[in-house]
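Quick note, the sequences are listed as chains H and G, same order. Using our numbering, read the first sequence as starting at 1 and increasing by one per residue. Using our numbering, read the second sequence as starting at 1 and increasing by one per residue.
In case anyone wonders, no lab produced these hints; they're calculated from the structure. Ideal Cβ placement from N, Cα and C applies to all residues, glycine included. Incorrect hints may have been included.
[Said to hold, decoys possible] Among the chain G residues that face chain H by a calculated CB cut under 10 Å, a handful are:
1) Phe18
2) Glu20
3) Ala27
4) Gly35
5) Asp45
6) Ser47
7) Asn77
8) Pro115
9) Val130
10) Gln155
11) Met157
12) Glu161
[As the list claims (entries may be wrong)] Calculated Cβ distances over 12 Å to all of chain G for the following chain H residues:
13) Pro17
14) Thr35
15) Trp48
16) Val51
17) Thr66
18) Ala81
19) Glu83
20) Leu104
21) Ala108
22) Leu110
23) Glu112
24) Leu113
[As the list claims (entries may be wrong)] Facing chain G, from chain H, some residues (calculated, C-beta under 10 Å):
25) Arg14
26) Ala63
27) Arg67
28) Ser114
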Amino acid sequence: MTSPSLEALLRRVRIRPVSDDALVGYTAEVRRRLTAAPTPARPRLQWWPVVVPLGAAALLLTAIVTRPTFPPTSLSEVALAHEAALLSVLAPEEPLLPDDDALLDDLAWLEELSS
Amino acid sequence: MDEAQLVTQAQAGSQEAFCELVERYQAKAMSIAVGLLGNVEEAKDASQEAFVKAYRALPQFRAQAQFTTWLYRIVVNECQTVLRARSRVRRWLFFPTRDTEDAAGETVPVLEFVPSAEPSSRDVASGAEVARQLEGAIARLSHRQRTVVTLHYLQEMRVEEVAAVIGCAPGTVKAQLARALRHLRAHLNGVLEGGSP
Numbered sequence: 001m002t003s004p005s006l007e008a009l010l011r012r013v014r015i016r017p018v019s020d021d022a023l024v025g026y027t028a029e030v031r032r033r034l035t036a037a038p039t040p041a042r043p044r045l046q047w048w049p050v051v052v053p054l055g056a057a058a059l060l061l062t063a064i065v066t067r068p069t070f071p072p073t074s075l076s077e078v079a080l081a082h083e084a085a086l087l088s089v090l091a092p093e094e095p096l097l098p099d100d101d102a103l104l105d106d107l108a109w110l111e112e113l114s115s
Numbered sequence: 001m002d003e004a005q006l007v008t009q010a011q012a013g014s015q016e017a018f019c020e021l022v023e024r025y026q027a028k029a030m031s032i033a034v035g036l037l038g039n040v041e042e043a044k045d046a047s048q049e050a051f052v053k054a055y056r057a058l059p060q061f062r063a064q065a066q067f068t069t070w071l072y073r074i075v076v077n078e079c080q081t082v083l084r085a086r087s088r089v090r091r092w093l094f095f096p097t098r099d100t101e102d103a104a105g106e107t108v109p110v111l112e113f114v115p116s117a118e119p120s121s122r123d124v125a126s127g128a129e130v131a132r133q134l135e136g137a138i139a140r141l142s143h144r145q146r147t148v149v150t151l152h153y154l155q156e157m158r159v160e161e162v163a164a165v166i167g168c169a170p171g172t173v174k175a176q177l178a179r180a181l182r183h184l185r186a187h188l189n190g191v192l193e194g195g196s197p
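Here chain H stands alone, though its shape is the one from the complex:
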C-alpha cells in the first residue's frame, strides 16, 4: 500500500472487540448499581467552622501583639488602675465644699447686712 488516503486508512482499522472476559459480571454490576440505594450527595465542605475560629484567633493575636504595652499588664494592675480612676471621681482634687474660713467670712458678711 503506498500513500493510502486517510479515509481508506480509517476504514482499515477498528476498535478491538470487547473480550468476553471484560464482560464477565457486567450485567450483575449494572443490576447492583440499580438496586443500590442512591448515593447520597457528598456533603459540601463547610469552610466556616474552620475559618471563623482561626480568623478570630488571628485577629486576637494581632491585637495583643500590636498593643503599645506588650506584654499586657497583669490583671491586678488593671484592677488597681480601675480603682484609682473611681477614687479620682469620688475624691477629686478640688474640695466639694468650701473651706471653713470662707464659710465663716460669708456668714459674718450676712450678719452685717442683716444688722
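Given chain H's structure and the hints, the job is docking chain G onto it.
Quick look at chain G alone, frame taken from chain H:
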C-alpha cells in the same frame, strides 16, 4: 421478546427486562466507550453508569426515537463527562498524560488493523504500527471531533446516525468530520506520505 416489548416492560419498572437490554447492548456500548476513552476499565465503568442513567431516565424515553440511538447518546455523554474530568485533572497536574493509558500507566492499544485476505507478516507489522499512530492522532483530537470520528469510522455509523446520537444536524457532523480529517492529516503526515505500510 423484541426490543420494544423489553423497553415497555422496563419503563413499567421491570429490572429483569432492562437487564435483558443490557445483555443485548453491553458490548456495543462498551465498544463506543473504549473508542472514546481509550481505556477498557474506564470504558466499562462509564458504560455501566450510562445504563444506570438510562434506566432512571426511561420514563422520559419516547418510542419515536430508537432505543439504541437514545442509549448511545447517554453513553457518549457519560464519556464526555469522563473526558472533561480527565482534562481538568491534567490541567491541574501540569503535565500531559495519554488518554490510552491504563490504570498502571501502560499504553494499551485500542485500535487494530484489519488485515487483507492473505496478509504477509510485514503487512501485519506495519498495519499494527499504522493503527498505533492513528490511535495517537485520534487521541489528540478535540472531544467532539474524536466522537464523530469514532462513531462514523470506527463504529461504522452513517452520518445521520451519528447526528442522531450526538443530537445535531447531519451537516454539523460532516463539518466536524472534515475538520477532524484535516487535523488527522496534519498529525499523520509521515504515514500518509511515506508510503507505509
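* To do: Identify every previously stated hint that the structure contradicts and give their numbers, smallest first.
  => As far as the earlier hints go, 7, 11, 12, 13, 14, 26, 27 and 28 are violated by this structure, in ascending order.
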